[in-house]
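Given chain A, put chain B in place with the hints provided.
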Amino acid sequence: MMPLADELKEHPILQKLQAFHPQSVVSASRFRGELTLAIPREQIRAVCEFLKQEPEVQFDFLTDLTCVDHYPAEPRFELVYHLLSLTSRERLRLKTRVTSENPRVDSITGLWGGANWFEREIFDLFGIQFTGHPHLRRLLMPDDWQGYPLRKDYPLEGPR
Amino acid sequence: MPKPLYPTVPSAETLVLNVGPQHPSTHGVLRVVLELDGETIVRATPDIGFLHTGIEKTAENLFYSQVVPLTDRVDYLASLSNNLAYCLSVEKILGLEVPPRAQWLRVLLAELTRINNHLVWLGTTALELGAMSVLLYTFREREDVLRLFELVSGQRMMTSYFRIGGVALEPPLTFYDRVDAFLKMFPSRVDEYKDLLTENRIWLARTRGIGVLTKEVALDYCISGPNLRASGVNWDLRKCQPYSSYEKFDFRVPVEPAGDVYARYLVRMEEMRQSVRIARQALEGLPAGPIRADAPGVILPDREKMKSQMEALIQHFKIVTDGFAPPVGEAYVPIEGPKGEIGFYVVSDGSPRPWRCRIRPPSLLNVQVLSKLLPGHMLADAIAIIASVDFVLGEVDR
Chain A
1 MMPLADELKE HPILQKLQAF HPQSVVSASR FRGELTLAIP REQIRAVCEF LKQEPEVQFD
61 FLTDLTCVDH YPAEPRFELV YHLLSLTSRE RLRLKTRVTS ENPRVDSITG LWGGANWFER
121 EIFDLFGIQF TGHPHLRRLL MPDDWQGYPL RKDYPLEGPR
Chain B
1001 MPKPLYPTVP SAETLVLNVG PQHPSTHGVL RVVLELDGET IVRATPDIGF LHTGIEKTAE
1061 NLFYSQVVPL TDRVDYLASL SNNLAYCLSV EKILGLEVPP RAQWLRVLLA ELTRINNHLV
1121 WLGTTALELG AMSVLLYTFR EREDVLRLFE LVSGQRMMTS YFRIGGVALE PPLTFYDRVD
1181 AFLKMFPSRV DEYKDLLTEN RIWLARTRGI GVLTKEVALD YCISGPNLRA SGVNWDLRKC
1241 QPYSSYEKFD FRVPVEPAGD VYARYLVRME EMRQSVRIAR QALEGLPAGP IRADAPGVIL
1301 PDREKMKSQM EALIQHFKIV TDGFAPPVGE AYVPIEGPKG EIGFYVVSDG SPRPWRCRIR
1361 PPSLLNVQVL SKLLPGHMLA DAIAIIASVD FVLGEVDR
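Taken in order, these protein sequences are the chains called A and B. When we follow this note's numbering, the leftmost residue of the first sequence carries the number 1, and every step to the right adds one. When we follow this note's numbering, the leftmost residue of the second sequence carries the number 1001, and every step to the right adds one.
Mixed in with the good hints, there may be bad ones.
[Said to hold, decoys possible] Calculated pairs, SDA-like style, for lysine to any residue (alpha carbon to alpha carbon, straight line, at most 25 Å):
#	chain 1	residue 1	chain 2	residue 2
1	B	LYS1003	A	TRP112
2	B	LYS1239	A	ARG91
3	A	LYS16	A	ARG89
4	B	LYS1215	A	TRP112
5	B	LYS1057	A	ILE128
6	A	LYS95	B	ARG1353
7	B	LYS1215	A	THR87
8	B	LYS1307	B	GLY1323
9	B	LYS1215	A	GLU90
10	A	LYS52	B	LYS1239
11	A	LYS52	B	GLY1232
12	B	LYS1372	B	ASP1220
13	B	LYS1003	A	ARG120
14	B	LYS1057	A	ARG151
15	B	LYS1248	A	GLU34
[Claimed, not checked] Distance windows between CB atoms, simulated:
#	chain 1	residue 1	chain 2	residue 2	range
16	B	ALA1012	A	PRO155	37 to 47 Å
17	B	LEU1005	A	THR131	16 to 26 Å
18	B	ASP1294	A	GLY33	17 to 27 Å
Think of the hints as simulated: they come from the structure by calculation, not from any bench. Note that CB positions come from ideal geometry on N, CA and C, so glycine has one too.
Just chain A, with the same shape it has in the complex:
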């Protein structure tokens, strides 16, 4: 894991999160101006809740929730949360890694109702389980589909 870059240590969002929980941020990086924070898997829901409700930060809008498969690296899956603050007009990207043995993370449907289909889509296409999701079932693929199409080891074309 990358240590916190010096220029980012002073970032107000990071300082707020450090105050909220000292181990809540694993690393922080900035690429082309976009701030990305890596969060431990166990903390992701709590961090989202904090960022949403803390009045001075107010990341009140969930823009997107998706997953990236880093096969064959481990931990293999990376969940990516794009948050937006309508008040400060800032964007923030949160990432958390889950392993292929235990692809499971806490659901954030309790914070944003809109996360429901995002999480169902990730379950459908990557096979990640969301603890606390009200009704986790496939979204795009047929109900009885085998396998998870967006995984990197899933073939692009099947037998014809």
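Okay, now just chain B, sitting in the frame of chain A:
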């Protein structure tokens, strides 16, 4: 064992009605399972995926430049907006500076795309509520917009006109006169639609107070774009987080507090007028200069140079056969699409193909919120509500 459609079994007192996936008023292959008590909807469950074509998976196996035509097919009513969103994300990873002329052309065409999208929306929504003539008028104007697209790109719908680093070609000279004529004519056509609908008693009765999306629910369900503005939230990415030089254009963002079908109609009507304003400014202030960024090895060289310079020909050959490899990184540049915030989250691993190309679909969220909007309404209003949120199933299912 697959899970059932519902978390709980429908009660024996209610009737389950299956709307779609083959139903004219679902605007494509959308299935909505309605649980009815008499004529009142008690539960609505949208079921999607009938048009899933794996666009994100396909994109991972193509060169960056080859993904552009795929983005046309995501939301086929707003193909240029999708082109723009994808190009902006890749350009950000590459660190490319797009020349002003290309940015202005992008703004001009993105606004024509918005008009095109809203015309289809208005026509089909009115058709759903029995005002068939509106559809005929809006499709007449839409045809003009599609001809403009054809003029610049050679295609009416699958344009692929915006390319990474700029636009594909210099538009033909007739294009500017045709756009000018369209922009002169179009506001009077919007007045025509207004005369047909805005104070029409039947239209008011069918749309006012129907399908109220409160500000709280809209934010909870990640709704963006015109639907969010019709719920009283003043949020437009063209103003709040400008891209492609939108900060240099003068326009107004319409906001309506009511959140009902009528508010969503009013917002889109005004947006069409504002789009004309922006397009007019883009047309008149169009700067001179190149239409593609100067980035050898990434952007295709000019065709003229290719015919006279060996170096340019080799470059062209290399880019087409091997692609180009952006630095390792990721970018998400959302834009204000006609249906809401659309953006491509592109992850680069330093190879010529995107490692991940996630499409943030506004249509998906607009469909998801139906489960919140429909309950409590009569069955006949479901048609108005489904039509009013505006989605394209190609984008919902991708």
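Hints, verified against the model:
1. Pair hint LYS1003/B plus TRP112/A holds up; C-alpha atoms about 23 Å apart against a cutoff of 25 Å.
2. Among the hinted pairs, LYS1239/B with ARG91/A is consistent with the structure: their alpha-carbon atoms are about 15 Å apart, no more than 25 Å.
3. About 18 Å separates the Cα atoms of LYS16/A and ARG89/A, which keeps this hinted pair within 25 Å; it holds.
4. As the CA atoms of LYS1215/B and TRP112/A are separated by approximately 13 Å, the hinted pair is consistent with the 25 Å bound.
5. For the given pair, LYS1057/B sits about 17 Å from ILE128/A by alpha-carbon distance, which is consistent with the 25 Å threshold.
6. The suggested pairing of LYS95/A with ARG1353/B holds, with an alpha-carbon distance near 22 Å, which does not exceed 25 Å.
7. Among the hinted pairs, LYS1215/B with THR87/A is consistent with the structure: their alpha-carbon atoms are about 15 Å apart, no more than 25 Å.
8. About 21 Å separates the Cα atoms of LYS1307/B and GLY1323/B, which keeps this hinted pair within 25 Å; it holds.
9. A hinted pair counts as satisfied when its Cα atoms are at most 25 Å apart, and LYS1215/B with GLU90/A qualifies at roughly 20 Å.
10. As the CA atoms of LYS52/A and LYS1239/B are separated by approximately 23 Å, the hinted pair is consistent with the 25 Å bound.
11. The hinted pair formed by LYS52/A and GLY1232/B meets the criterion: a straight-line CA distance of about 20 Å does not exceed 25 Å.
12. A hinted pair counts as satisfied when its Cα atoms are at most 25 Å apart, and LYS1372/B with ASP1220/B qualifies at roughly 11 Å.
13. At roughly 12 Å between alpha-carbon atoms, LYS1003/B and ARG120/A fall within 25 Å of each other, so this suggested pair holds.
14. This hinted pair checks out: LYS1057/B and ARG151/A have alpha carbons roughly 9 Å apart, not beyond 25 Å.
15. Taken as a hint, the LYS1248/B and GLU34/A pair is honoured in the structure, with Cα atoms around 23 Å apart against an allowance of 25 Å.
16. Distance hint check for ALA1012/B and PRO155/A: the Cβ-Cβ separation is about 45 Å, which falls inside the suggested range of 37 to 47 Å.
17. Between LEU1005/B and THR131/A the C-beta distance comes to about 22 Å, which sits within the given range of 16 to 26 Å.
18. ASP1294/B and GLY33/A have their C-beta atoms about 22 Å apart, which keeps the hinted 17 to 27 Å range intact.
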